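Protein chains: 2
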Amino acid sequence: MRTHDWRWVASQKTQATSAKIRPEWLLSLEVKKEAASRLDITGSFIRGLMSGRERLITEASTVDLAHSLQQGEYTATEVCLAYCKRAAFAHQLNNCLHEIFFDDAIELARVYDDYYMTNGKTIGPLHGLPVSLKDQFHVRHAETTMGYVGWVGTFEGKKGTGREFHDESQIVEELRSLGAIFYCKTSCPQTLLLGETVNNLIGSTMNPVHQMLSCGGSSGGEAALMALGGSSVGLGTDIGGSVRIPAAFCGVYAIKPSFGRFSYRTVANTTPGQTLVPSAIGFLSTTLPALELIMKSVLSTQPWLRDPDVVEIPWRDGLSPCRPKLCFAVLRNDGMVTPHPPIARGIDIVVEAVKKAGHEVVEWNPPSHADGTYLHVSHQFMAADGGQHIWKQLNILREPLIDGMTGDYGGGPFEPMPLLEYQDKGLRVKAYRAQYDQYWNSTAATTSTNTPVDAVIMPVAPHAAVLPDKYFHYGYTTIVDLLNYSAVSFPVTKAEEAIDQPDPDFKPMNDDDLENWEAYDAKKYDGAPVGVQIMGRRFDEERLLGIARHVDGLLASR
Amino acid sequence: MRTHDWRWVASQKTQATSAKIRPEWLLSLEVKKEAASRLDITGSFIRGLMSGRERLITEASTVDLAHSLQQGEYTATEVCLAYCKRAAFAHQLNNCLHEIFFDDAIELARVYDDYYMTNGKTIGPLHGLPVSLKDQFHVRHAETTMGYVGWVGTFEGKKGTGREFHDESQIVEELRSLGAIFYCKTSCPQTLLLGETVNNLIGSTMNPVHQMLSCGGSSGGEAALMALGGSSVGLGTDIGGSVRIPAAFCGVYAIKPSFGRFSYRTVANTTPGQTLVPSAIGFLSTTLPALELIMKSVLSTQPWLRDPDVVEIPWRDGLSPCRPKLCFAVLRNDGMVTPHPPIARGIDIVVEAVKKAGHEVVEWNPPSHADGTYLHVSHQFMAADGGQHIWKQLNILREPLIDGMTGDYGGGPFEPMPLLEYQDKGLRVKAYRAQYDQYWNSTAATTSTNTPVDAVIMPVAPHAAVLPDKYFHYGYTTIVDLLNYSAVSFPVTKAEEAIDQPDPDFKPMNDDDLENWEAYDAKKYDGAPVGVQIMGRRFDEERLLGIARHVDGLLASR
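Protein chains in written order, with UniProt numbering: chain A, 1 to 558; chain L, 1 to 558.
There may be inaccurate statements among the hints.
Any copy will do: because identical chains look the same in the list, a pair fits if it lies in one copy or spans two.
In silico EDC-like links for lysine to aspartate or glutamate, alpha-carbon gap of 20 Å or less [claimed, not checked]:
(1) 523 with 64
(2) 392 with 421
(3) 296 with 312
(4) 425 with 415
(5) 470 with 173
(6) 430 with 167
(7) 296 with 73
(8) 425 with 156
These aren't lab readings, by the way, just hints derived from the structure by calculation. Please read these numbers as outputs of a predicted model, since none were measured by experiment.
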């Protein structure tokens with residue numbers, strides 16, 4: 001029966017999704033050909049497909065857009081139409097959407113416009129603001145596949161639950177109550193555990209800034225859509241770098257808050273019962289102030305009254321770095337894998353910019369990141385269930401595991417970790433976190449202001465937006481998840497063949513280091529976006545975002 | 001070898017502890033005989049053993065005492081001496097201490113007095129304040145046995161770690177940095193999982209208010225010591241009622257904050273790797289304002305910078321109930337086990353008092369407590385490790401399991417729960433919590449102010465201070481731990497044979513209900529303290545404590 005053939009189901013699904021694009025928004029073969037011939041389809045290329053007012057709308061910053069909607073300078077409907085159109089173009093060029101519900105969005109925008117007209121006030125602070133969602137978030141009337149073909153027509157793989165096309169994740173409801181409008185869900189890799197975006201439904205999403213490279217993952221479709229202007233702000237998740245990696249690769253911004261700040265309740269996930277190193281809700285945007293707007297707005301709904309995992313910490317406006325002199329630390333190398341030349345240069349750019357502005361930068365010599373990474377890697381927590389959750393989803397339609405995951409999971413489900421070992425590893429994670437906290441506290445002795453380091457400048461990945469299948473080391477992002485710290489990633493520069501030449505005297509520290517180093521190719525990486533992250537402490541989102549905005553301003557004024 | 005005989009080790013240990021009492025503080029045989037002949041040895045009896053100034057000191061409220069120490073009206077040394085003396089008396093009469101380190105305490109008090117004299121200022125807000133500790137907390141130079149004979153001479157059962165008599169739990173360090181002085185550690189039951197205080201080291205601690213009854217548990221020694229005036233404020237822990245039960249049984253106050261508000265790091269515990277239903281730090285005191293003083297002081301040290309499990313929520317002074325009309329709910333019966341007449345009357349007293357003051361009281365019809373209790377009970381989380389942790393400690397010296405625990409653990413260690421089942425149960429706990437939160441939110445529709453219920457008035461246990469071996473149902477306390485809510489327990493009245501007669505028409509709901517009901521004996525319970533708890537939401541400590549103080553004031557002015 002064809003309905004049991006994953007290829008047929010996938011093909012039907014993607015065709016049905018594409019069929020939701022209005023005929024007038026379908027791109028001509030010429031445009032598609034032209035796009036295929038370019039490395040970079042962002043910027044002027046996709047802009048050229050939009051009208052003047054549509055450009056104004058889709059290229060306004062989120063905060064300006066929200067303001068204009070509040071003031072009635074734009075109607076929710078015209079904003080929604082502009083974003084749907086640009087997202088439709090983005091998807092046709094870049095294959096970055098899993099779900100399209102433009103019509104629902106436009107209908108809701110009309111309702112909101114009527115409400116505004118009738119009542120002279122808005123639904124809330126996000127009135128009419130288009131917000132995109134990674135395809136883990138449930139939206140009423142829409143499907144969630146999370147990259148599994150077997151989830152088509154089901155609720156998280158189960159049929160007949162009455163929850164299909166009905167349930168909405170808590171944070172989606174919160175955003176909706178604030179006036180946000182949902183119009184699409186974006187692509188992610190099968191299993192969510194990959195820094196690229198590949199699955200059996202859509203194939204893969206490439207990098208719109210450089211189409212030979214990966215857009216990153218797992219919130220890859222989000223970042224790609226934003227790079228193309230099809231969204232200005234959206235939701236992802238991050239257990240190993242999944243919002244920071246795609247943001248860095250596509251030249252946009254992301255924040256990974258600590259788990260417990262925002263509601264993950266009723267969001268689909270891989271091995272949801274694994275809570276010792278939890279996946280966190282993250283936000284992506286084309287500008288940093290948007291991250292504050294969306295986080296502050298969501299927290300104003302008091303998510304802790306509905307989600308037992310959310311701690312009662314409202315948005316703290318006063319919590320911004322007010323000292324004229326900040327103390328940064330820099331981690332150039334995690335002792336496992338040396339970043340490629342473009343990343344080393346990106347770090348230098350940030351360090352020089354903050355130093356030039358009078359801030360201090362000290363070295364970061366924390367507890368071994370190798371120890372922390374060992375606790376995080378897949379045969380520990382993420383695969384503690386023996387890959388049972390992943391294989392259960394794959395087996396619904398016997399769809400194959402994607403190539404990038406065969407190393408850890410290719411042999412099929414295996415024996416789950418014994419409970420005592422699992423509990424013991426949990427205690428080791430806690431001890432490691434406490435040791436790291438203690439180190440951070442101790443840095444007060446190393447700074448000229450005698451205060452602990454404010455934030456740590458470090459790579460997001462040991463490479464720029466990665467060549468497909470060449471992502472070997474996640475240690476720079478996973479350490480932040482293991483610690484449940486907060487981090488903001490931001491674009492810094494692009495790889496340049498001429499200046500980012502590898503050191504001929506490079507001596508690898510180990511086999512992983514060698515593997516990553518050998519994967520560097522100055523020519524192939526030329527033009528690849530380079531992002532950097534700054535890491536803050538637990539629940540440090542307000543202060544960290546304030547520092548990131550300051551640093552971003554310094555970079556812009558270089 | 002005698003050193004391998006648990007009876008010999010226990011006997012040596014308790015003798016060594018008693019030998020730390022100054023000769024002039026040893027009670028005569030006459031006094032001991034007189035005490036043994038009474039039911040109640042608190043109040044005038046133990047007071048009669050103290051001098052006038054010692055009485056003033058040991059019967060001052062914690063807040064007054066702390067204030068007097070700040071003002072230099074008392075020296076730290078005289079306060080310390082008075083408390084050590086009274087604690088020495090308490091232990092000789094009531095067997096409530098595991099560890100005595102009066103000499104260290106007095107020496108430190110002298111140092112603090114010198115500091116105060118020399119610098120004209122105090123160590124901190126708790127300068128010279130004696131604070132007692134349940135014997136789970138590590139104090140430098142002292143031993144921790146947690147009720148296991150096998151832990152004598154070890155660090156948590158391990159020899160030669162270099163941590164014996166050295167390590168100090170984080171929260172103990174925090175209190176020390178604030179000026180608190182530690183002088184003793186109090187008794188707890190073997191395994192910590194019992195509502196009475198029995199172990200192979202000291203035998204048992206009975207209720208000093210009514211010596212035929214249990215003092216409760218697991219923080220039993222704390223509450224008993226306080227009832228005798230040997231401490232005014234101290235630390236316990238609570239995973240199933242372990243601070244609220246002994247406080248209610250001994251006529252003192254306790255708060256169980258949500259896990260994550262205070263540091264549990266480096267505190268000894270049973271199955272420390274089990275984190276899905278976590279044990280929480282709790283505080284006990286002879287007065288409610290003391291609980292605010294100690295919690296506020298501890299939070300001023302920013303424990304979240306050192307303990308990754310503590311969330312960054314400073315003490316919120318403004319978070320108190322300011323509305324003139326509060327909305328209480330009352331839960332008289334959890335649908336599993338009917339409280340005995342003294343408890344039903346205790347609940348009525350509280351309900352009438354708050355109603356009389358103009359507050360509202362609605363019925364509480366939450367999601368099934370039976371479902372929540374099922375998730376909590378021992379063969380689920382607490383015994384998920386198959387009793388391996390408990391049996392490992394017992395086997396150090398082959399000491400027997402106490403009778404009260406044989407039902408669940410008597411057969412020796414068993415197979416741990418499979419990881420997938422454990423993870424699945426964790427998800428069910430989360431879902432239950434969210435369902436309960438949703439119910440709480442929904443109560444806004446049932447109150448006249450259209451705000452959700454402020455706090456829930458409910459029993460601590462289905463009986464007053466319990467007859468030994470007659471504690472069958474923990475559901476009234478465990479539900480709060482399962483939800484990770486906050487709760488305050490406070491004394492309300494005492495059982496009275498004449499008025500607390502059982503209903504002759506009582507129809508038990510089930511076998512558990514029958515068992516508990518049959519254990520009621522109006523004569524034996526006569527004079528037993530009756531405590532009640534009010535339950536607040538997660539991280540609701542400030543507001544809840546404010547409400548408790550208000551209610552306590554209403555009860556006092558009846």
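Comparing the hints with the structure gives:
For the identical chains of this complex, residue 523 and residue 64 are neighbours neither inside a copy (38 Å) nor across copies (75 Å), given an alpha-carbon limit of 20 Å. Proximity of residue 392 and residue 421 under a CA criterion of 20 Å is satisfied inter-copy only: 15 Å between copies versus 23 Å inside one chain copy. Taking the closest pair of Cα atoms, residue 296 and residue 312 come within 20 Å of each other both inside a single copy (13 Å) and across two copies (17 Å). When the C-alpha separation of residue 425 and residue 415 is checked against a cutoff of 20 Å, the pair qualifies both within a copy, at 17 Å, and between copies, at 19 Å.
For the identical chains of this complex, residue 470 and residue 173 are neighbours neither inside a copy (38 Å) nor across copies (48 Å), given an alpha-carbon limit of 20 Å. For the homomeric pair residue 430 and residue 167, the shortest alpha-carbon distance between copies (17 Å) is at most 20 Å, but the shortest distance inside one copy (34 Å) is not. In the homo-oligomer, the alpha carbons of residue 296 and residue 73 never lie at most 20 Å apart, since the shortest distance is 23 Å inside one protomer and 49 Å across protomers. For the identical chains of this complex, residue 425 and residue 156 are inter-copy neighbours only, at 18 Å across copies versus 29 Å inside a copy, given an alpha-carbon limit of 20 Å.
Taken one by one, the earlier hints fail for this structure at numbers 1, 5, 7, listed in ascending order.
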